[in-house]
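Colleague: Following the hints, put chain S in place on chain C, whose structure we already have.
2 protein chains.
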Amino acid sequence: MKGLLIVGHGSEKSHYAKVMEIHKERIEKMGIFDEVEICYVARNRKPTPDEAVRKMKSDEIYVVPILISKGIHFTEDLPAFFNFKPGQREGVFDGKRIVICDPIGEDRFVTLAIINAVFKLLE
Amino acid sequence: MKGLLIVGHGSEKSHYAKVMEIHKERIEKMGIFDEVEICYVARNRKPTPDEAVRKMKSDEIYVVPILISKGIHFTEDLPAFFNFKPGQREGVFDGKRIVICDPIGEDRFVTLAIINAVFKLLE
Numbered sequence: 001m002k003g004l005l006i007v008g009h010g011s012e013k014s015h016y017a018k019v020m021e022i023h024k025e026r027i028e029k030m031g032i033f034d035e036v037e038i039c040y041v042a043r044n045r046k047p048t049p050d051e052a053v054r055k056m057k058s059d060e061i062y063v064v065p066i067l068i069s070k071g072i073h074f075t076e077d078l079p080a081f082f083n084f085k086p087g088q089r090e091g092v093f094d095g096k097r098i099v100i101c102d103p104i105g106e107d108r109f110v111t112l113a114i115i116n117a118v119f120k121l122l123e
Numbered sequence: 001m002k003g004l005l006i007v008g009h010g011s012e013k014s015h016y017a018k019v020m021e022i023h024k025e026r027i028e029k030m031g032i033f034d035e036v037e038i039c040y041v042a043r044n045r046k047p048t049p050d051e052a053v054r055k056m057k058s059d060e061i062y063v064v065p066i067l068i069s070k071g072i073h074f075t076e077d078l079p080a081f082f083n084f085k086p087g088q089r090e091g092v093f094d095g096k097r098i099v100i101c102d103p104i105g106e107d108r109f110v111t112l113a114i115i116n117a118v119f120k121l122l123e
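Protein chains in written order, with the UniProt record's numbering: chain C, 1 to 123; chain S, 1 to 123.
Here chain C stands alone, though its shape is the one from the complex (with noise of 0.2 angstroms):
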């Protein structure tokens, strides 16, 4: 089985919640993977990135943060969780094969949801 973890920053306004349920929805609906699941990676927000892999059955699990840049949430926080190394990767959490992606910060797509912010606009 395979399976994303989509990793916000996370905030006290729910609409923030709302944001990533809405990306979970969507990709579930693509099948792509077996299971979808969200987590948050600032500080006493709930669930961390380690309790959502506990709750997840896929043995492979692309971890992909919702960041805009390789910041300190990236390099250590997000590791630390996993009990890798700062900058660490790749590794097994769990009994589950953990890769952590780039951030999609740099992305073309985001290129074009800036773009498409304006679009929006004129329709």
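No lab work stands behind these hints, which were simulated from the structure alone. Hints may contain errors.
If several chains are the same, the list does not tell them apart, and a pair holds so long as it fits within one copy or across any two.
[Stated by the list, open to error] With a straight-line Cα cutoff of 25 angstroms, these simulated PhoX-like cross-link-like pairs (lysine-lysine) come out:
#, residue 1, residue 2
1, Lys120, Lys2
2, Lys120, Lys29
3, Lys24, Lys120
4, Lys46, Lys18
5, Lys24, Lys46
6, Lys57, Lys120
7, Lys120, Lys85
Quick caveat: nothing in here was measured; it's all calculated off a predicted structure.
Modeller: Using the frame of chain C, we list chain S on its own:
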């Protein structure tokens, strides 16, 4: 003249500014806008949105936040830089028409960026 102002949260790590530059350069090459500039909404990050607008020559500026959700940075901090009320999305600042677009978070292109982060590993 139509301008695009990309608003990031900002980070102490230099990679964040690099990601902003990547999007700016890609969008400049597309020629949709007469000018493309960058600014930051988090405390003490430079340039601030108002500083960026003052340097721009466009009479119409579309402001696009690279933020996931409609949190405090979007609803209160960003409008305040233009002397707008909380939640205000359009107005005039420095003699220019300012239009604040939705944050990119919910966009379908962001969903695709999440999936693409995994595809990139499989290449």
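Colleague: Hint by hint, say whether it matches the structure.
Modeller: Status of the hints after comparison with the structure:
1. Taking identical chains as interchangeable, the C-alpha atoms of Lys120 and Lys2 lie at most 25 angstroms apart only when they sit on different chains, with a minimum of 16 angstroms there against 34 angstroms within one chain.
2. Within a single copy, Lys120 and Lys29 get their C-alpha atoms as close as 24 angstroms, and across copies as close as 21 angstroms, so both meet the 25 angstroms cut-off.
3. In this assembly of identical chains, the alpha carbons of Lys24 and Lys120 lie at most 25 angstroms apart whether taken from the same copy (22 angstroms) or from different copies (19 angstroms).
4. For a Cα distance limit of 25 angstroms, the shortest separation of Lys46 from Lys18 inside one copy, 14 angstroms, qualifies, whereas the shortest one across copies, 30 angstroms, does not.
5. Only within a single protomer do Lys24 and Lys46 lie at most 25 angstroms apart by alpha-carbon distance; the minimum there is 16 angstroms, versus 34 angstroms between protomers.
6. For the homomeric pair Lys57 and Lys120, the shortest alpha-carbon distance between copies (24 angstroms) is at most 25 angstroms, but the shortest distance inside one copy (38 angstroms) is not.
7. Proximity of Lys120 to Lys85 under the C-alpha cut-off of 25 angstroms is restricted to the inter-copy arrangement: shortest distance 23 angstroms between copies versus 42 angstroms within a copy.
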